[in-house]
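Each protein sequence line maps, in turn, to chains A and B. Counted from 1, the first sequence has number 237 at position 253 by our numbering; the numbering is strictly sequential. Counted from 1, the second sequence has number 405 at position 264 by our numbering; the numbering is strictly sequential.
Since the hints were derived computationally from the structure, they do not count as laboratory data. Since we're looking at a predicted model, the values are computed, not measured. Check before you lean on any hint, since a few could be wrong.
Restraint-style ranges between C-beta atoms, simulated for each label pair [stated by the list, open to error]:
1. A:G103 x B:Q272: 54 to 60 Å
2. A:W142 x B:Q435: 44 to 50 Å
3. B:A173 x A:L20: 37 to 43 Å
4. B:W356 x A:A63: 39 to 45 Å
5. B:P361 x A:F242: 22 to 28 Å
6. B:P159 x A:L20: 26 to 32 Å
7. B:G208 x A:L55: 47 to 53 Å
8. B:P186 x A:V72: 33 to 39 Å
9. A:R174 x B:R441: 30 to 36 Å
10. B:Q296 x A:L62: 49 to 55 Å
11. A:R189 x B:R441: 34 to 40 Å
Just so you know, even glycine gets a beta-carbon here, dropped at the ideal spot from N, CA and C.
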Amino acid sequence: MAKQALPAATAAVTERPAPREKPGPLEYMRRWPLQLMVGLTLLFLYLPLITLMAFSFNDSRRNIVWQGFTLKYYEKALANESLIQAFVNSLTIAFLCTIVSVILGALAAVMLWRFRFPGKTALEGTLALPIVVPEICLGVAMLVFFARVMPWPTGLPWPFNLGAITIAHISFAFPFVATVVRARLASFNRELEEAAKDLGASEWRTFWDVLVPHMRPGLIAGALLAFTLSLDDFVITFFTSGPDTITFPVKVYSMLRFSVTPEVNAASTILIVVTVVLTAIGLQLQNQKPKEDKA
Amino acid sequence: MEQSWKQAKTAFAAVAAPPVFWLLLFFVVPLAVIWAYTFGENTGPITIDFTGTFANYARALEPLYLGIFAKSLVIAGLTTALCLVVGFPVALAIAFSSPRAKAWLLLLIMLPFWTNLLIRTFALIAVLREQGYVNFTLEWLWNNASGFMTLIGLQPLGEYEPLTLLYNNTAVVIGLVYVHLPFMVLPLYSALDRMDRSLMEASLDLGAGHLRTIWSVVVPLAAPGIASGVLITFIPALGAYLTPDLLGGTDSQMIANVIERQFKRANDWPFGAALSFLLMYLTFIAIALQALVQRRADRRG
Chain A
-15 MAKQALPAAT AAVTERPAPR EKPGPLEYMR RWPLQLMVGL TLLFLYLPLI
35 TLMAFSFNDS RRNIVWQGFT LKYYEKALAN ESLIQAFVNS LTIAFLCTIV
85 SVILGALAAV MLWRFRFPGK TALEGTLALP IVVPEICLGV AMLVFFARVM
135 PWPTGLPWPF NLGAITIAHI SFAFPFVATV VRARLASFNR ELEEAAKDLG
185 ASEWRTFWDV LVPHMRPGLI AGALLAFTLS LDDFVITFFT SGPDTITFPV
235 KVYSMLRFSV TPEVNAASTI LIVVTVVLTA IGLQLQNQKP KEDKA
Chain B
142 MEQSWKQAKT AFAAVAAPPV FWLLLFFVVP LAVIWAYTFG ENTGPITIDF
192 TGTFANYARA LEPLYLGIFA KSLVIAGLTT ALCLVVGFPV ALAIAFSSPR
242 AKAWLLLLIM LPFWTNLLIR TFALIAVLRE QGYVNFTLEW LWNNASGFMT
292 LIGLQPLGEY EPLTLLYNNT AVVIGLVYVH LPFMVLPLYS ALDRMDRSLM
342 EASLDLGAGH LRTIWSVVVP LAAPGIASGV LITFIPALGA YLTPDLLGGT
392 DSQMIANVIE RQFKRANDWP FGAALSFLLM YLTFIAIALQ ALVQRRADRR
442 G
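Start from the sequences and build out the full structure, keeping to the hints where you can.
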């Protein structure tokens, strides 16, 4: 309207601030149907999680109507020894899995990036398998493996009793790390490595002082991925865990089977917060990379 | 240029040995054992003989199990289609938003992906159950509508009957869409973000509408991204265990649930192994199809 009025308008009309710019042809985000779509999708993704977190503070066992703020379910969850044990187990497994996966993944990435060797395509394909094979198949394979081929000794002291689960987690996590690190290595200038060697650096020194610093962002991203994959995993753990080696997801699953109590909400909220904080730290570490690269 | 392994044998051995060893011992061997089991027979409570029989595969092709395979394919296909229908506009909106908004929206889409699958499924139960928030909202609307009807002199609507949103196939599909939506949005986003926008502008300038432009310009250009989004949604949906287990009813069993039962309660490992391998073959077929689409798109590009 303002536009049509403009030619006719006299100088008396004070120029109003232009109405909000019309969206450009490709600014889909500024059109209402898509805004609505994005809004609804985010609502769909977040509403369940937010209600879950909110109701962990609800002072009512039935968990339906808001009755007032309380922390008692957190106290209960924190006093539940087997839940805490499961939580500690999960974090320990995730931690061990991350360390080993990053080492194995980085080595695999360097091997595939640096060398030509017979059977390389086959190896690449096999390395990609753990990423695509359905979790349930890997889960039952691990179950059979640890039941018949290489029985993990029972009755070992903590944390060695977690060995079977940790091994299973590493098997599916390290190929993810290898993929991420290899993508990072693609941007490495091989001449740098040659230069280091010409200047007398040994293989090891070149690897440690030239290649590893370049891989660092990939290693961090890979570590983050391995940690969350391990912390998240239910299916494979479900098949490899024994009665003494319960992880947090397995514990929550059995709690859910019995009854849905606000205690589960509280425990879940703690895990969500832990994951979000770790992800934030990981992303922060990754975002620091451009500055270092230029230096 | 890659170096031949012969030029630096020690370095190659040092780098290659640990991952190759791990992959062989803790991945290839377990899968090989399972594969061998598919040709085995239960001869005792815990003894399995490798007799080279095909009976397990034959049993998997019985109508009962074929039905479950078909059902899993349909549920996974439906999930993928819904993810695509919801995810495409969202990815489009994100790809064409301002850089600041883009970063935030991507983070918002990715964040649930970092949250535990079990917890997300549990959260969904609280929303969908008969005394959940969806039913509360509907009941409130119903009662208000009912009150409004009496106000204008019509019959009230009667008691609100809560919808059964859980423990059926619909719940499984909703749950799978909920869990896998980020898998779809991210590859679509990266394909749309890389696309040459001048082609879209040209199409719009030449008078095609937005829908027509999207359908005849954007979709073909983004085909490889769509194919990979479809693939990485379809594969985990096909092998889903937790979602049908927690949200499904007695008739919502998917392949993974049947496999689990063979290995735990039914204790028929050879048959469970055969089902696992059939599921894996289906996965490989899906991957091969995607590679085909990719190759065709590359050739055209």
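Requested in this report: Report the numbers of all earlier hints that the structure fails to satisfy, in ascending order.
Outcome: 3, 4, 5, 6, 11
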